[in-house]
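Undergrad: If you want the building blocks of each chain, they are given just below.
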Amino acid sequence: MPRAYSLQDNSVENRVFFNRIVAAFFIVVLLTAGLVVRLVYLQIVGHEHYATLAKENSVKIQPLVPARGLIYDRNGKVLAENTQSFSLELIPEQISDMDATLLQLQKLLNIPNEKIEQFQKQRKHQKRFISTPLLLSMTDEEIAKFAVVRPYFTGVDIASRLVRNYPYSDLSAHVVGYVSRINEAEMKTLPISEYRGSSHVGKLGIESFYETQLHGKTGYVEIETNVQSRAINTFNTVPPVSGANLHLTLDIDLQKTAYDALEGYNGAVVALDVTTGGVLVFSSRPGFNPNPFVVGIDYDAYQNLQSSENQPLYNRALRGLYPPGSTMKPFVALAGLEYNAVGFDQKHYCPGFYQLPNVPHKYRDWKHGGHGWVGMSEAITESCDVYFYSLASVLGIDNMHHFLQQFGFGEKSGIDLVGEKTGLLPSREWKKQQKNQNWYPGETLITGIGQGYLQVTPIQLARATAILANGGKTITPFLVDKIVSPSQTQDNAKPIEKTIPLKNTNIAHITDAMINVVHDSHGTAKNIGKHISYQIAGKTGTAQVFNIKQEARYNENAIDFKLRDHALFIAFAPADNPKIAIAVVVENGGHGGSVAAPIADKVIQQYLESINVH
Amino acid sequence: MYIETRHEEFEKHSFIGHILRKLHIDIPLFVTLVLISILSFVILYSAGGQSVDVLIRQAMRVALAFTLMIFLAHIDPYQFKRWSVILFSLGILLLLAVLILGEIGKGAQRWLELGAFRFQPSEMIKITTPMMIAWYLAEYALPPKPKQLLIASLLIILPTLLIAKQPDLGTALLVASSGAAVLFFSGLSWWFIIGIGSLLTALTPILWHFMHDYQRARVLTFLNPEADPLGRGYHIIQSKIAIGSGGLYGKGWLGSTQSELDFLPESSTDFIFAVFAEEFGLFGCVSLLILYLLIIGRCLYIAAQARDTYCRLLAGSLAFTFFVYVFVNIGMVIGVLPVVGVPLPLVSYGGTSIVTLCAGFGILMSIHTHKKLLHN
Numbered sequence: 001m002p003r004a005y006s007l008q009d010n011s012v013e014n015r016v017f018f019n020r021i022v023a024a025f026f027i028v029v030l031l032t033a034g035l036v037v038r039l040v041y042l043q044i045v046g047h048e049h050y051a052t053l054a055k056e057n058s059v060k061i062q063p064l065v066p067a068r069g070l071i072y073d074r075n076g077k078v079l080a081e082n083t084q085s086f087s088l089e090l091i092p093e094q095i096s097d098m099d100a101t102l103l104q105l106q107k108l109l110n111i112p113n114e115k116i117e118q119f120q121k122q123r124k125h126q127k128r129f130i131s132t133p134l135l136l137s138m139t140d141e142e143i144a145k146f147a148v149v150r151p152y153f154t155g156v157d158i159a160s161r162l163v164r165n166y167p168y169s170d171l172s173a174h175v176v177g178y179v180s181r182i183n184e185a186e187m188k189t190l191p192i193s194e195y196r197g198s199s200h201v202g203k204l205g206i207e208s209f210y211e212t213q214l215h216g217k218t219g220y221v222e223i224e225t226n227v228q229s230r231a232i233n234t235f236n237t238v239p240p241v242s243g244a245n246l247h248l249t250l251d252i253d254l255q256k257t258a259y260d261a262l263e264g265y266n267g268a269v270v271a272l273d274v275t276t277g278g279v280l281v282f283s284s285r286p287g288f289n290p291n292p293f294v295v296g297i298d299y300d301a302y303q304n305l306q307s308s309e310n311q312p313l314y315n316r317a318l319r320g321l322y323p324p325g326s327t328m329k330p331f332v333a334l335a336g337l338e339y340n341a342v343g344f345d346q347k348h349y350c351p352g353f354y355q356l357p358n359v360p361h362k363y364r365d366w367k368h369g370g371h372g373w374v375g376m377s378e379a380i381t382e383s384c385d386v387y388f389y390s391l392a393s394v395l396g397i398d399n400m401h402h403f404l405q406q407f408g409f410g411e412k413s414g415i416d417l418v419g420e421k422t423g424l425l426p427s428r429e430w431k432k433q434q435k436n437q438n439w440y441p442g443e444t445l446i447t448g449i450g451q452g453y454l455q456v457t458p459i460q461l462a463r464a465t466a467i468l469a470n471g472g473k474t475i476t477p478f479l480v481d482k483i484v485s486p487s488q489t490q491d492n493a494k495p496i497e498k499t500i501p502l503k504n505t506n507i508a509h510i511t512d513a514m515i516n517v518v519h520d521s522h523g524t525a526k527n528i529g530k531h532i533s534y535q536i537a538g539k540t541g542t543a544q545v546f547n548i549k550q551e552a553r554y555n556e557n558a559i560d561f562k563l564r565d566h567a568l569f570i571a572f573a574p575a576d577n578p579k580i581a582i583a584v585v586v587e588n589g590g591h592g593g594s595v596a597a598p599i600a601d602k603v604i605q606q607y608l609e610s611i612n613v614h
Numbered sequence: 001m002y003i004e005t006r007h008e009e010f011e012k013h014s015f016i017g018h019i020l021r022k023l024h025i026d027i028p029l030f031v032t033l034v035l036i037s038i039l040s041f042v043i044l045y046s047a048g049g050q051s052v053d054v055l056i057r058q059a060m061r062v063a064l065a066f067t068l069m070i071f072l073a074h075i076d077p078y079q080f081k082r083w084s085v086i087l088f089s090l091g092i093l094l095l096l097a098v099l100i101l102g103e104i105g106k107g108a109q110r111w112l113e114l115g116a117f118r119f120q121p122s123e124m125i126k127i128t129t130p131m132m133i134a135w136y137l138a139e140y141a142l143p144p145k146p147k148q149l150l151i152a153s154l155l156i157i158l159p160t161l162l163i164a165k166q167p168d169l170g171t172a173l174l175v176a177s178s179g180a181a182v183l184f185f186s187g188l189s190w191w192f193i194i195g196i197g198s199l200l201t202a203l204t205p206i207l208w209h210f211m212h213d214y215q216r217a218r219v220l221t222f223l224n225p226e227a228d229p230l231g232r233g234y235h236i237i238q239s240k241i242a243i244g245s246g247g248l249y250g251k252g253w254l255g256s257t258q259s260e261l262d263f264l265p266e267s268s269t270d271f272i273f274a275v276f277a278e279e280f281g282l283f284g285c286v287s288l289l290i291l292y293l294l295i296i297g298r299c300l301y302i303a304a305q306a307r308d309t310y311c312r313l314l315a316g317s318l319a320f321t322f323f324v325y326v327f328v329n330i331g332m333v334i335g336v337l338p339v340v341g342v343p344l345p346l347v348s349y350g351g352t353s354i355v356t357l358c359a360g361f362g363i364l365m366s367i368h369t370h371k372k373l374l375h376n
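Read top to bottom, the protein sequences are chains R and E. Heads up, the first sequence stops at 614 in our numbering, and the numbers go up one at a time, no gaps. Heads up, the second sequence stops at 376 in our numbering, and the numbers go up one at a time, no gaps.
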């Protein structure tokens, strides 16, 4: 209905509107009066009560910050501890001549100019009566120097606080992670009362994943203070509850062996306890020193880490995606046996290449000229590609996808760390969905030798190897074994949820072939496993970083280091009673047998010695 | 009204009055706004730890806000009416954009990054919602029929829900009340108002169901602050101590011990009234409230004098929403309302609210001064 402009309407409207204005003003005054009543109640009636609280004997609720839980390795070595640190702090309000004081301190303690500037910047954003740090983590010498002249400096003092310290530095950084100052975004999501007084929070690794358990429970004390804000009485203390200590399955000595063995390369080593899934080694090289992050890493240092070509902040063991290459062959072979696609002793002729019917493209073997007649055992031992092209072609992508999925490829391993990558186990559906293309037979072939779309993380590879070693029990890798809080000890090991139905004879066949990889004279890793009383079952892998043209030959020395193949090796030992499963990835390492296998050998030997298996 | 005639005399005869009139500035409103801004600087200096830096930044915001106010005062109200629908629709689109970007960014988002500066669409919608409702209702004879009422209600609920989803309960409340105020001034029957009021009260449990955990926690804390003295109850307890200890005359300027000792969090922003109450006591508080009442009274006067229905409804709503601002903030600080993030208008530190508020006053000045030019 359009508006009717009549005089009548207007006068009625005018009257109604005027009434409403008056009513609104009345409501406003009434509600304001309500506020005044409340103010009178607080400021006149309750004045004495509140004034006592505020002024003469003000009650201050002071949070009692709990000590953060410690982190130990499997042998009780401390990986994360809380150490006392001293800082030089100034209270601007109490300092009459700030510039002169700073100049004197600078001369005395050799403070660099940037720290003075940083202090001046920070001071501007803070209230004048708040103690502001000038120097963090003072050395003993600096403390001694200042202690002598302390009486001459009012408003300058040494404050002590607990600082998180990681004694193993680079070695444990990608496992333990680090704590760092709570930032603005975290301030909003963390529970306010739990974090009142806490300045740091776990940002990465175990420190982040188990933040709740490590942090503990904040307590508080109500302190009665007098006008000079000196405490005169404390009452109603609720003590803090320290954070729980975490005991890892990790062996830091073994971790060091793996890390040192990777020297000169970027890469990752992951070793698991075959029976439980406990992580023994979780090494990603290069690591980084997490300690500067705790006190506040400076911009340049952080930029250096970020832009470094070797990407030290990148957790390769957890997030690195690599084509598994030939390390996939034992799993594909097992699939072949389980699906009756091939007999173990059935021979196949390898002329050095494989061709799909009616397709000119030659799928080449790594060995020029081929391996000749090979059965499954030789195909694994010598890593014959043509055998697996053929097997993959018989199996088909659907069977391969289904079988490999059971070993955890293409899904997160479930390790207790944040940020794990899922990797990629390709399937018909995946390709249709992601690329809107049909699956090509050629793609099945290269999947069979661990190339193509296939991408795995080192932790996935180690897990799959462990599952193979224990006959199909799908263990879930875990780092934290026990959570020990003051009140209770909690077992944190992950139970085995399901077992892949596999025939024992088939597993025995694959294991025998993998033993030959190391112990047979034709094995691709025959250079390791000497002078040991037990047997290692392993498989080498070489993952292409770039494609070489048809008929061209790969010449390691002729190409750039960064384009060299990745070297991989998976193994478990002792072969007859597996205790440890390991996956080694050496970026641009060239051949799995010559670079990756010796690293695994060292780790296996040291671990088995430590648990008295010789 | 004696006082009003005095002002009018002043406007007609003095030189300054002449200039201000040319600038379309309403003198009583302008003077009270300047007074309250000065008061804001005085208390900010104390609450902000005597930082000149804080004052300079606030002064820049006030300058920007006043410039916008004078600019809007120049525009004929007819233009506001013409642009109501477009501006409202634009506001809704921007709110949706923020919400979608927030979904992508996985987390609460209220900002839209426009190159170098940030823009908060929920601020714009605070003014465009009453503009839209006033425009819609002015198309028909008042009081509104049920059908118009239904559509108007939907037009209010839409932006309110979009903002509540951000989640920003304080702003959602202000937007809802700005729209509701238009309905109130349009002559909605009293019985209807009472009916809706009781219905909303009855619906509280359902609202509770839709609240975020932290919003529920705020309500629970409001009901029993002592239950969580370290966390959520801390603000209210410390704020009451600050206000109560101020007494009748207060502790004097810069004499606040609660904010100085850092007992009082957010002392420069949402809880600045507590610092004010501590330093200037009950006398100061009542004076501040009177200053607010003068502003609201003047705005309602402008509404009563407005030239057409659209101007009346819009002016009335802007005036009333300003009061809701004051009431919700002070009510929260003195512990009679739950803590919702609403700043003390024109006093709290922070840029966005002051710009929006001054935009509202600019529109009010436009409504008042252009009416006169029409008569002249």
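None of these hints come from the bench; they were simulated from the model. Quick caveat: nothing in here was measured; it's all calculated off a predicted structure. C-beta: ideal position from N, C-alpha, C; glycine also. Be aware that a few hints might be false.
Claimed, not checked - Straight-line Cα separation of at most 25 Å, SDA-like style, residue types lysine to any residue; simulated pairs:
| # | chain 1 | residue 1 | chain 2 | residue 2 |
| --- | --- | --- | --- | --- |
| 1 | R | K115 | E | V52 |
| 2 | E | K147 | R | H47 |
| 3 | E | K251 | R | N10 |
| 4 | E | K251 | R | K115 |
What the hints assert, rightly or not - Sample of chain R residues with no beta-carbon within 12 Å of chain E, all distances over it, derived:
| # | residue |
| --- | --- |
| 5 | N19 |
| 6 | A24 |
| 7 | L31 |
| 8 | T32 |
| 9 | T52 |
| 10 | S308 |
| 11 | W373 |
Undergrad: Going straight from one Cα to the other, do E:K251 and R:K115 come out at no more than 25 Å?
TA: Violated: E:K251 and R:K115 sit about 39 Å apart, past 25 Å.
Undergrad: Beyond 12 Å on every Cβ pair: is that true for R:N19 relative to chain E?
TA: violated, 8 Å
Undergrad: Could you check that no beta carbon of chain E comes within 12 Å of the beta carbon of R:T52?
TA: violated, 8 Å
Undergrad: May I ask you to check that R:T32 keeps its beta-carbon over 12 Å from the closest beta-carbon of chain E?
TA: Nearest chain E Cβ is 6 Å from R:T32, so the label is violated.
Undergrad: Tell me if the straight-line CA distance from E:K251 to R:N10 falls inside 25 Å.
TA: violated, 54 Å
Undergrad: Is the straight-line distance between the alpha-carbon of R:K115 and that of E:V52 25 Å or less?
TA: Roughly 24 Å separates the two Cα atoms, so the pair holds.
Undergrad: Take a quick look at R:A24 and tell me if its Cβ sits farther than 12 Å from every Cβ on chain E, holds or violated.
TA: Violated: least Cβ distance 6 Å, not greater than 12 Å.
Undergrad: Hey, E:K147 versus R:H47, does the alpha-carbon distance stay inside 25 Å?
TA: Violated, at roughly 53 Å.
Undergrad: Would you say R:W373 is clear of chain E, with no C-beta pair closer than or equal to 12 Å?
TA: Answer for R:W373: holds, closest chain E Cβ roughly 57 Å.
Undergrad: Evaluate the condition: distance from the CB of R:S308 to the nearest CB of chain E exceeds 12 Å.
TA: Label holds. Min Cβ-Cβ 28 Å, cutoff 12 Å.
Undergrad: Does the claim that R:L31 lies outside the interface with chain E hold up, using a Cβ gap greater than 12 Å?
TA: Per Cβ check, R:L31 is inside 12 Å of chain E; nearest 6 Å; violated.
In terms of the numbered hints stated before, the structure departs from hints 2, 3, 4, 5, 6, 7, 8, 9, listed from lowest to highest.
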